[in-house]
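Take the given structure of chain E and dock chains Z and W to it, following the hints.
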Amino acid sequence: MIEAYQAVVLVPYAAALVLAALPSYRIGAVGNVIASALAFAAGLWLMLGPQTVGSYAIVDEFNVLFVAINTLVGFTAALFSASYIGHEIETGRLSPGFLRFYHAMFQAMMGSMNLALVANNIGLMWVGLELATLITVVMVGLYRTPQAIEAAWKYFILASVGISLAFFGTILVYLAGQPVLGEGLPSMTWSLLQAAAARMDPALLDLAFIFLLIGYGTKVGLAPLHAWLPDAHAEGPTPISAVLSGLLLNVALYALLRFKMLMAGQPSALDPGPIMIVMGLVSLIFAAFMLYQRRDIKRFFAYSSIEHMGLMVFAFGMGGPLANFAGLLHMAMHSLTKSSIFFAVGHVAQAKGTQRFAEIRGLSVTHPRLAVAFALAVLAIAGLPPFGVFASEFLILTTTFARQPWLALLPAFGLLVGFGALLLRLQDTIFGEPVGPAHRVDASSVPMVMHLMLVLAAGLYLPPVLVGWFRRAAELLG
Amino acid sequence: MTLDAAIQFLAQGAQMFLVLLIAPLAVGVTRRVKARLMRRQGAPLMQGYRDLAKLLRKESVLAESASWLFRTAPYLIFALTWVAAALVPSFASGLMFNWAADVVALVALLGAARALLALAGMDVGTSFGGIGSSREMMIATLAEPAMMLIVLTLAIAAGTTRLAGVADFFIAEPLAVRVSLALSLVALVIVALAENARIPVDNPVTHLELTMVHEAMVLEYSGRHLALIEAASMLKLTLYLSLLICLFAPFGMAPAAAGIGGWLIGTAAWSSKLLLGAALLGVWEVSIAKMRVFRLPDFLGVAFVFASIAILLAYLSRGAAE
Amino acid sequence: MKLAYEISHLLAGVMLVVSFAQLYQQRIAAVLNAFAAQSITLALAVAWAAWSEDRPDLFITATIAFLLKGVLIPVALHRTVTRLGVHREVEKVVGVGMALLVGLALCGLSQALVVKIAPVSAGLARDELALAMAIVLLGFLMMIVRRNAVTQVVGFMSMENGLILAATGAQGMPLVVEVSVAFSVLIALFVFAVFVFRIRERFDTIDIEALDRMRGDRR
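Chains as they are written, first to last, in the working numbering: chain E, 1 to 478; chain Z, 1001 to 1322; chain W, 2001 to 2219.
Warning: the hint list may mix true and false statements.
Stated by the list, open to error - With a cut-off of at most 25 Å between alpha-carbon atoms, the simulated SDA-like pairs for lysine to any residue come out as follows:
1. Lys2116(W) <-> Pro274(E)
2. Lys2092(W) <-> Arg1292(Z)
3. Lys1290(Z) <-> Lys2092(W)
What the hints assert, rightly or not - Partner residues are not named here, just some residues of chain W that face chain Z (Cβ under 7 Å, in silico):
4. Gly2013
5. His2078
6. Val2096
7. Gly2097
8. Leu2100
9. Leu2104
10. Gly2108
Hints listed in this document are in silico derivations from the structure and should not be mistaken for laboratory results. We put the CB at the ideal spot given by N, CA and C, even for glycine.
This is chain E alone, in the form it adopts within the complex:
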């Protein structure tokens, strides 16, 4: 009898094997969608099923919701990719030969992310993240233009360094746990480590956390470790940008938070809060300012991702039930919103045949429905009510204000700066004289609209079930 958590990992991997064997990309695209739908079903099953703690896998409040979101966004991204990639082949930017591996790699990447999410073994968590990262590296270089290769190479180098440092941190955690829990598997099991954290050597835990922060922080996109992010988003295919921003950053942050929970168990170890606050703020404000200079639409939203990840890290650094709740909510909302933004960007790029802002103008004239959707998506990510992102940002700001009034000025300032940039660009893009070509848009609008609906719904009314989930997870975070 197969367990829910096993299904959520095995289904994508099995699908990857099947898809690698399929010759035609059209069948592959359909297969991709089906496999993602199955994975989503498995994710829902996991969410509704009981919580377990095994020696290799853990299912608790903290990760069920993320698995569900992961599989949902994977499903919608597969939908989007199926229609999007067809257009790319028509315009000649991609050749069918690659696409069979594209779909297989897509599924393998989803499987690896799910593996990282449900793993109780810190080694397995690392393996999952590393596999997902390496697969995205290959996919970023898919277009094989010089810029794509350079972006993929930069991503590869930085991500590999980050992963190696994170691995070293993992070894150090094992070394810390070994005298307390004994050799072998128990010292690699997160739940046991967390329970025994108070007996572990604080200096060793400090060292471990520093390495883990730098290592996984690189994957989260914290400044100054973010250098790979803009290029990777800009040069890779749009479905991959959506998955990177919406999912991979979240999974990396999740891993970081698991270790933060570990540190919280040892009072004499250094408090990760202040470091995370500082790094979060630096990312937030730096990215907000960088938004003004961007002339490529995908790079623009990549910096927006850095900004939001910075905000999340800041929230988790603040700690406490409200801030954690807000951070978790923001993780979920950002995941949905940012992926819908990238879906919209994909449509826009196909509509205008370019990614440069200077050539994307007057969408309300040429593509009215797309313009509306895009405008709504940008307003959502800018943090306007009634979208869900507003709720989480508002919560973060108010809880910070309640605890450290002066500190709250900084994220507020960063968010305002980002807001300004977003509105500025939105105005240029939607209104103004249309320039350049106006192609038909082939890609499906369903994913984008669906995500926006979800975010809107969450902003208006968050079901008590979800509230309870978030609250319990926030308590776990400490």
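For chains Z and W alone, kept in the frame of chain E given last:
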């Protein structure tokens, strides 16, 4: 003076003269091995002695611009190097003046000798002398800190800076394969090569302007002065070989209280190790090419880095052992 | 047993020395040889740990490290360098002397960090941890101060060598880790091999400076 004290005194004197006597032989062995490996006959082993005797008989020609420094430097250099070489424990470790054989004193003596040589090289005002002196000081700037770190590492390991104490410590400790000591060994070999003007740092037989270092400094010397300087460089080579043996391969060395028998065994062990070292040096010189001068700082920098790591590791493991 | 500890410590020290040797080299071929030497020493260290601590699964890791990183990868890289006609000298960001000094500072840093850990927590593994951390940091340094794509990959692989050494020193870390490390090496090699060829297709050099000229971040 008691008989015992007299014997001790004689033993110490014997060490002094033993070192002096064996030095030309060591250099002869190196040259012979090099020549044989290059498929030449090579000069006979005793050629070093004959060269020194020849030079002593010859007239010493001085430049008109030579000062008192130029005339007295060879004597001072020879004396300093001889004292330093005589202090390194060779066949026995607890001889009469061993309290003076401090590693720091050793470095100081050698440094003083080198400074005098560099000054003498510049004294006459020729360009070759200037080249030699400046290159020599560049090498010294890099080699001496490394040397200090090496001896300090060994002193930390042994708990004393007396060479005899260090030797005793390494005799007692059974083949401790410690990383810090291995790193010190590598660093000391590099420094020894640099200080003795051996390939890859300097070629002892070249007289090309591009490649000379040591030879350039002594180019103006002749007759008995040159004999003294040649003897000093032979003694220096013997000193370094003896130092390496004493620190890293001290088996066979007689402890302090051993009698004549122990000393004889010690002498046999030491001389055979020394000559073996000289032969190995010959093999090494044949197998490697001389480095370009601008790469020397990197090469010596390696010695410095290894010596630093050695001392860091020694410090760390000392902390762990406590 | 003290001798076992001394020998494993010695092998780790040799790995550190070879890491410095990597930084010191001026030619790509020499860098690759130094990397091969480091990987072979790693294989020896892992094999010794397998024998002295009675962990036969580590013999597999040692064999993988030896074959893959000691033989196959250096040979493949040698061939790549020859075939791509890459400029044989290593383009440097900082000179050898400065790189060595910074490497020394990193060694000191890892010692300083490790000294704070109480001896009872990591036991004898403390020294090896310091050495492994130093090797990781030196590999990282190599990636930063050398501008050639091949040497960047070599630097990354020597970082991985340090990681494997650290994992070996951590007694009892399950096989999962060793297999995953070997696996990731495989993937990394695949990715890098693909890229070096793609880069060559697009440019005529694998100097990172030339790649940087295509930086799109100003868009």
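So, going through the hints one by one against the coordinates:
| no. | hint | verdict |
| --- | --- | --- |
| 1 | Lys2116(W) <-> Pro274(E) | 22 Å, holds |
| 2 | Lys2092(W) <-> Arg1292(Z) | 19 Å, holds |
| 3 | Lys1290(Z) <-> Lys2092(W) | 23 Å, holds |
| 4 | Gly2013 | 3 Å, holds |
| 5 | His2078 | 22 Å, violated |
| 6 | Val2096 | 5 Å, holds |
| 7 | Gly2097 | 5 Å, holds |
| 8 | Leu2100 | 5 Å, holds |
| 9 | Leu2104 | 5 Å, holds |
| 10 | Gly2108 | 6 Å, holds |
The structure shown violates just one earlier hint, number 5.
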